[in-house]
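In this note's numbering, the protein residues as written are 13 to 497.
Quick caveat, the hints were computed from the structure, so don't treat them as lab data.
Glycine included, each C-beta is placed from N, C-alpha and C at the ideal position.
Certain hints may be false.
Computed beta-carbon distance windows for the label pairs [stated by the list, open to error]:
id, residue 1, residue 2, range
1, Arg190, Gly14, 44 to 50 Å
2, His302, Asp423, 53 to 59 Å
3, Thr304, Cys213, 24 to 30 Å
4, Ile352, Lys27, 40 to 46 Å
5, Ala29, Leu220, 32 to 38 Å
6, Asp41, Thr304, 38 to 44 Å
7, Thr131, Leu451, 47 to 53 Å
8, Leu443, Gly200, 53 to 59 Å
9, Lys27, His302, 29 to 35 Å
10, Ala128, His77, 50 to 56 Å
When the alpha-carbon atoms are kept at most 20 Å apart in a straight line, the in silico PhoX-like pairs for lysine-lysine are as follows [what the hints assert, rightly or not]:
id, residue 1, residue 2
11, Lys364, Lys264
12, Lys305, Lys71
13, Lys299, Lys364
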Amino acid sequence: MGALHKVRVFLWGEKPATKLEQRLVLKIDCVVMTFCTLLFLSNYLNRANFSNAYLTGMKEDLGFHGKQFNQVNSIFTAGYIIGLWPNNLILQVVPPRYWLPFCGAMWGILSACLAATKTPEQVMAIRFLQALFESSTFTGCHWILGSWYKEEELGKRSGVFSTFAQMGSLWSGVMQGRISQTMNGHLGLKSYQWLFIVDFCLAMPIALFGFLLFPDTPRKTKAWFLTQEERELAVARLPQHEPTKLSWDLAKRVFGRWHIYLFALLFGFGSMLESAGINSVMGFWFKSMHFTKAQINYYPLSLISIAIFTTLVAAYTTDYVGSHFWVNPLMGVVVCVSSIMLLVWDLPYGAKFFAFAIQGAGYMGQATNFAWANIVCRQDDQERAMVLAGMNVLSNIVNSWWSITFWAATDAPKYRKGWISMFPLAVFVTLVSLAIVYLERREKRANAGMYPVGEEQPQTYTLPADKPAVTDHDDDGSSSDKEKP
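Kindly generate the complete structure, drawing on both the sequences and the hints.
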């Protein structure tokens with residue numbers, strides 16, 4: 013039983029203390045996690061499909077040339093950056109159950125519009141608009157997850173959520189390969205056009221699901237499927253903090269603390285370790301060897317599979333050991349080993365394939381770093397929203413010039429500058445992680461000093477006096493006080 017218990021704790025955490033909390037967590041997983049992951053799947057599927065469409069016919073049909081592919085990606089990045097902070101602030105005033113599904117529906121409609129484009133300039137305009145709406149999802153959903161889950165539950169949920177980006181890429185490759193084989197020319201449309209139409213067909217029911225079921229946040233939820241006891245417990249089981257508001261002092265609360273600076277640096281530059289996946293470099297390698305369209309879509313899925321595996325292992329392990337720091341130097345080491353192999357270049361096919369594939373480990377810090385920021389910033393909901401968005405803002409600002417500088421399509425397939433750039437990145441990300449560990453520990457000591465010796469910092473929200481205590485019933489029908497985690 014001891015070994016089985018450890019396996020269960022590693023895979024999904026300790027079993028909730030009461031039946032009431034078990035039901036609550038199950039409902040949160042079924043609705044909040046399901047909607048967030050499906051929305052992100054649709055979001056990232058849209059992005060991956062664009063790269064696959066470019067490689068399987070859109071480039072030639074629309075007359076792309078030179079660095080226009082990189083320019084489209086940079087324009088998308090610009091729109092994404094512009095939308096990040098406004099979208100997270102909108103979530104503070106507009107119920108998430110309305111805003112997130114609305115954004116999902118809008119990028120679905122714009123995906124259908126991509127199928128009708130005739131020029132690269134039209135593609136650039138639509139991709140900019142899509143980016144404005146798509147920027148609501150990644151940091152917005154991380155903020156939602158941080159609002160519902162306890163610290164020991166958050167890492168693995170963040171990991172599962174984040175892997176749906178890679179699953180979108182995985183599905184996109186399989187889908188585009190299959191569409192290329194079976195639907196190219198059907199109803200007068202090319203295979204890449206069908207890909208955009210499928211994006212639309214997937215986005216709309218996911219948006220409808222959110223409109224009907226998404227429960228907002230614990231303090232504001234009016235979800236019909238949660239009982240009053242469950243709503244109270246959703247607040248009571250989380251760490252206690254004074255409710256904060258969106259007000260004029262938000263800038264001081266955000267920029268007067270170290271959180272936004274270091275977490276933005278951590279993800280802003282750490283996410284560049286994902287460059288091999290972001291820029292589809294493995295696909296360009298296969299294209300240079302004149303592989304078939306199906307092979308160009310299928311074979312790079314090995315990199316995505318490694319990204320999914322390493323992300324989940326890192327996320328589950330951080331919850332189990334209670335530490336996030338170690339993930340960043342580890343992914344740096346793996347990516348640097350791969351980069352050394354690809355700088356050598358003249359390797360057997362199998363060795364080169366392996367080197368490209370393990371670049372997927374560059375994604376493993378994504379989920380854990382956002383969970384880390386969610387935990388550190390939990391005392392202020394609005395600051396937390398701004399920090400999470402700020403991490404993505406800097407990431408996209410850096411990527412807007414990083415991809416053109418180090419990963420230009422004209423440098424394919426060797427990308428020598430790109431592989432060299434991985435080494436200083438790995439060192440920098442490790443140093444920033446160490447700084448966060450130091451400041452987080454100092455902050456915890458300072459907070460602990462606010463309470464008398466022997467008195468622990470409160471970890472739960474105290475229910476108002478006129479509310480009944482949350483209780484659960486034993487099997488014999490008697491009522492016992494609910495233990496607060």
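Checked hints:
Our hint of 44 to 50 Å for Arg190 and Gly14 holds, since their Cβ atoms are close to 46 Å apart. A hinted range of 53 to 59 Å for the beta carbons of His302 and Asp423 is inconsistent with their spacing of about 19 Å. The hinted window of 24 to 30 Å between Thr304 and Cys213 holds, with their beta carbons roughly 26 Å apart. Remark: the range hint 40 to 46 Å for Ile352 to Lys27 is upheld by a beta-carbon distance near 45 Å.
For Ala29 paired with Leu220, a C-beta distance near 35 Å keeps the hint of 32 to 38 Å intact. Roughly 41 Å separates the CB atoms of Asp41 and Thr304, a value that falls within the hinted 38 to 44 Å. Against the hinted window of 47 to 53 Å, the Cβ-Cβ separation of Thr131 and Leu451 comes to about 50 Å, which satisfies the hint. Our hint of 53 to 59 Å for Leu443 and Gly200 holds, since their Cβ atoms are close to 56 Å apart.
Roughly 54 Å separates the CB atoms of Lys27 and His302, a value that falls outside the hinted 29 to 35 Å. Separated by about 21 Å at the C-beta atoms, Ala128 and His77 break the suggested range of 50 to 56 Å. The suggested pairing of Lys364 with Lys264 is violated, with an alpha-carbon distance near 50 Å, which exceeds 20 Å. For the proposed pair Lys305 and Lys71, the alpha carbon gap of about 13 Å is at most 20 Å, so the pair holds.
Proposed proximity of Lys299 and Lys364 is supported: the alpha carbons are some 15 Å apart, at most 20 Å.
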